[in-house]
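Asks: Following the hints, complete the assembly by docking chain B onto the known chain A.
Chains A and B supply the protein sequences, listed in that same order. Residues in the first sequence are numbered from 1 upward in steps of one, following the numbering used here. Residues in the second sequence are numbered from 1 upward in steps of one, following the numbering used here.
Incorrect hints may appear among the rest.
[What the hints assert, rightly or not] Examples of chain B residues lying across from chain A (beta carbon under 10 Å, computed): (1) A129; (2) N244; (3) L266; (4) T267; (5) P363; (6) G370; (7) R393; (8) P397; (9) A419.
[Claimed, not checked] To spell it out: a stretch of chain A is covered by chain B in this simulated footprint if at least three of its residues, at any positions, have a beta carbon under 8 Å from a beta carbon of chain B; those stretches are: (10) 223-233; (11) 262-275; (12) 329-337.
Since the hints were derived computationally from the structure, they do not count as laboratory data. For each residue, glycine too, the CB sits at the ideal point set by N, CA and C.
2 protein chains.
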Amino acid sequence: MLERVAAVNVGLSSFADALRVQGADAIDVDWRPPSGGDPETVALLERAWGAHGERIDAANAAALTALEGARPHVVAVAPAGEAIPGFAGEMLLHSGPPIAWERVCEPQRRALVAACLLEGWAADRDEAARRLAAGEIALRSGNELGHVGPMCGACSPSMPVWVVEDPAAGVRAYSTINEGPGRTLWFGVGDDEALARARFLRDRAGPLLARLLVRTGPIDVFDLAAQGLHMGDELHMRSQATTNLLWRRLLPAFAAEGGEDVAAALTANHLFFLNIVMAAAKCASLAADAPGSSLVTLIARNGTDMGIQLAGLPGRWFTAPAAPVQDALLREGFAPADAALDIGDSAVLECIGLGGMAVAAAPAVAAFFGGGAADAVARSQLMGEICAARSQRFTVPALGPGGSPVGIDARLVVELGVAPQITTGVLHEARDAGQIGAGIAHQPLAPFRAALAELVDAL
Amino acid sequence: MLERVAAVNVGLSSFADALRVQGADAIDVDWRPPSGGDPETVALLERAWGAHGERIDAANAAALTALEGARPHVVAVAPAGEAIPGFAGEMLLHSGPPIAWERVCEPQRRALVAACLLEGWAADRDEAARRLAAGEIALRSGNELGHVGPMCGACSPSMPVWVVEDPAAGVRAYSTINEGPGRTLWFGVGDDEALARARFLRDRAGPLLARLLVRTGPIDVFDLAAQGLHMGDELHMRSQATTNLLWRRLLPAFAAEGGEDVAAALTANHLFFLNIVMAAAKCASLAADAPGSSLVTLIARNGTDMGIQLAGLPGRWFTAPAAPVQDALLREGFAPADAALDIGDSAVLECIGLGGMAVAAAPAVAAFFGGGAADAVARSQLMGEICAARSQRFTVPALGPGGSPVGIDARLVVELGVAPQITTGVLHEARDAGQIGAGIAHQPLAPFRAALAELVDAL
Numbered sequence: 001m002l003e004r005v006a007a008v009n010v011g012l013s014s015f016a017d018a019l020r021v022q023g024a025d026a027i028d029v030d031w032r033p034p035s036g037g038d039p040e041t042v043a044l045l046e047r048a049w050g051a052h053g054e055r056i057d058a059a060n061a062a063a064l065t066a067l068e069g070a071r072p073h074v075v076a077v078a079p080a081g082e083a084i085p086g087f088a089g090e091m092l093l094h095s096g097p098p099i100a101w102e103r104v105c106e107p108q109r110r111a112l113v114a115a116c117l118l119e120g121w122a123a124d125r126d127e128a129a130r131r132l133a134a135g136e137i138a139l140r141s142g143n144e145l146g147h148v149g150p151m152c153g154a155c156s157p158s159m160p161v162w163v164v165e166d167p168a169a170g171v172r173a174y175s176t177i178n179e180g181p182g183r184t185l186w187f188g189v190g191d192d193e194a195l196a197r198a199r200f201l202r203d204r205a206g207p208l209l210a211r212l213l214v215r216t217g218p219i220d221v222f223d224l225a226a227q228g229l230h231m232g233d234e235l236h237m238r239s240q241a242t243t244n245l246l247w248r249r250l251l252p253a254f255a256a257e258g259g260e261d262v263a264a265a266l267t268a269n270h271l272f273f274l275n276i277v278m279a280a281a282k283c284a285s286l287a288a289d290a291p292g293s294s295l296v297t298l299i300a301r302n303g304t305d306m307g308i309q310l311a312g313l314p315g316r317w318f319t320a321p322a323a324p325v326q327d328a329l330l331r332e333g334f335a336p337a338d339a340a341l342d343i344g345d346s347a348v349l350e351c352i353g354l355g356g357m358a359v360a361a362a363p364a365v366a367a368f369f370g371g372g373a374a375d376a377v378a379r380s381q382l383m384g385e386i387c388a389a390r391s392q393r394f395t396v397p398a399l400g401p402g403g404s405p406v407g408i409d410a411r412l413v414v415e416l417g418v419a420p421q422i423t424t425g426v427l428h429e430a431r432d433a434g435q436i437g438a439g440i441a442h443q444p445l446a447p448f449r450a451a452l453a454e455l456v457d458a459l
Numbered sequence: 001m002l003e004r005v006a007a008v009n010v011g012l013s014s015f016a017d018a019l020r021v022q023g024a025d026a027i028d029v030d031w032r033p034p035s036g037g038d039p040e041t042v043a044l045l046e047r048a049w050g051a052h053g054e055r056i057d058a059a060n061a062a063a064l065t066a067l068e069g070a071r072p073h074v075v076a077v078a079p080a081g082e083a084i085p086g087f088a089g090e091m092l093l094h095s096g097p098p099i100a101w102e103r104v105c106e107p108q109r110r111a112l113v114a115a116c117l118l119e120g121w122a123a124d125r126d127e128a129a130r131r132l133a134a135g136e137i138a139l140r141s142g143n144e145l146g147h148v149g150p151m152c153g154a155c156s157p158s159m160p161v162w163v164v165e166d167p168a169a170g171v172r173a174y175s176t177i178n179e180g181p182g183r184t185l186w187f188g189v190g191d192d193e194a195l196a197r198a199r200f201l202r203d204r205a206g207p208l209l210a211r212l213l214v215r216t217g218p219i220d221v222f223d224l225a226a227q228g229l230h231m232g233d234e235l236h237m238r239s240q241a242t243t244n245l246l247w248r249r250l251l252p253a254f255a256a257e258g259g260e261d262v263a264a265a266l267t268a269n270h271l272f273f274l275n276i277v278m279a280a281a282k283c284a285s286l287a288a289d290a291p292g293s294s295l296v297t298l299i300a301r302n303g304t305d306m307g308i309q310l311a312g313l314p315g316r317w318f319t320a321p322a323a324p325v326q327d328a329l330l331r332e333g334f335a336p337a338d339a340a341l342d343i344g345d346s347a348v349l350e351c352i353g354l355g356g357m358a359v360a361a362a363p364a365v366a367a368f369f370g371g372g373a374a375d376a377v378a379r380s381q382l383m384g385e386i387c388a389a390r391s392q393r394f395t396v397p398a399l400g401p402g403g404s405p406v407g408i409d410a411r412l413v414v415e416l417g418v419a420p421q422i423t424t425g426v427l428h429e430a431r432d433a434g435q436i437g438a439g440i441a442h443q444p445l446a447p448f449r450a451a452l453a454e455l456v457d458a459l
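Next comes chain A alone, as it looks inside the complex (with noise of 0.2 Å):
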């Protein structure tokens, strides 16, 4: 049933052989790209893997080296206007693509809106939008000081992140503490209720989280999540074994510190090592950046755009409108109308073989959207066709020997048509429902296709 597969053969017989030559396997598919009538895709694709082909490959074989290499550690947690470089001022962090106020979705805006009146910027939430739309209150995207958020993905500078480094590569990246399921401002909920956790959260969490790592010290975050890949997790939709391993190794200093509430509020969020993990994975796409590479280090939304980036053209963005949830189950009540398009920086997991990448090790995962076990292994095979690699780390017993695709190829994107598959939460759009439902969220191709051909032209 399990199959070894680094790439899928379309057509072209130069395309497997030079695959082949570089020791991966190629399989031949009854299938026709879509660029079948299309001559300049054609045109596109002999050029990436015919005359660029093999510097590409020699790039993403770097590139791959340096992902998998990663070894990130949470080393700190501190307010994000202390942590993070260039986040001065009255400036609010969101995620997704860069965009400009009148164009932000109306969950992200909430989220943005809540975290003024969390900074006191702002009387109340009309002079926070006032202020926001003026510009007097600067937006950036998060990714492009290294910060990374689920959902909304709102930062102001007085939140507290986890400080996530790896110390190799000499690269930094930040994530706010996750604020569990309810009325929380990463699902687009600004109200009192919703602020008040977040004032829980840097009053009283943070500074608690940040004196346990000192006690701690670093801690690995891919070695807790290669074991939570055998305990049931994707580490995206699912990741509650491993945030066990987190608590097991925080308790007892934990013990040392007390914080009965903190404990007691923080163990009842099961999604609590999203944002770290989340961090950690934009730690290890930033150390792999290296110029040539068609490997696809980001996949960021913000609920109007999407946006992705390449390890050979790294800070440039190539995007197209933010898609809706597809597949998406829906809470009694709610009607697909309802629904806020896919948003949130949590797409980095998939760039480094976790997540939708994985999800063969998450059967729960799978059984969500109706399926068993063996369609969790053919979702993760499916991902497979378009990854330039098996991971050495993140291994997943379902697989087999291999372990999980890592390495996202635009390439192999374009060339079949086959777009990363991203499970995400389901926001409102018109109110502060919170999330709404689960779905799978189908990226456009267009991006890939464009940065494909930039990144062609530029070499």
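Replies: Frame of chain A, contents of chain B only:
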């Protein structure tokens, strides 16, 4: 690949018919029972499936309902002498069936001698051994007082025990706090280091755990175990994820009570949950007593003898010499001749659908014996052939919609000649080297046959 097998029919179609009437699945296999040449066993099986079949089936159904319906909760931690009725005076408990001192195996002797020192019943090890040999210190099988202990299973009155209760059935069971890896009594080491650990558990960990439980209230053991089965544990050789679920639950109480030293010591022990789930399994097995039932509710070994009990003949032991642990992986420097025989009460887990029954949930355990995820499934399926049902509450994604095999039927064991396989540790016989490996203990068939004969005779 997966088949739901409740029973395997061999030869006489009336056997399968009797099962099908009960709504159980039955398949025919190309196999002849060892009883082919033994008219007595054939006659026994004909009575057990034929004349008494309906009566036994009904009793088994009742026993299964009780086994599956039991909801044991950890309700307290207290000194064994206070918690366990009948545990009074200078008395020690041990694992396995009852045994006289002169026949106690060396590892268990070392543990029991150390327990005497812990209690202050002897000035040194020689005096302790002399008093035990003279019968001045009484020896009881823990199982007869509701206590189960892994490996040597030594329990003395001042040792703290988990008190596990099934309120509906009105039964209680007990187990010591797991001592963890290294030089410890349960591994047959009774030196000063092992004694220091026992004192730490008695004086520091026990009282603290008792206070934590007052804060948390009763904890539903099988609720955690059922989650753990979806997180890579089979709950016998591996209970790591389930242990972490417990830490998550205890974290706020630890933060309130303090106890960094205890937290550090206990979180270093991946098998911490083992004794808790064993006590819960003992509770369920006590709840399952049902006159006429051929289900095996107890399998216990003391390193000299192994013994089983049937739900239909509660309290009645059927014994045989303990088996060597086969297919064992030994630590470097140790040889099969060093190995003690099969020991411990932990096989009570296999009687309720965990451990070897559920090994499909734990590819890591299968990997220990050189197999992959498919081998783990095959091991569970083999055990399914001697079980009366699939568990409703202990589900395993890799086994598909059916749960873990539950309810070992002595009739199927005798008929198929397939004994329960217990994955277990291996102790050093002659000296206090502790755990020197792990392997599979194939239980002898004779006690199952003797028990079935007595059951049928009694009907």
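Asks: Against the structure, test the hints numbered earlier, and report the numbers of the ones violated in rising order.
Replies: 1, 6, 7, 9, 12
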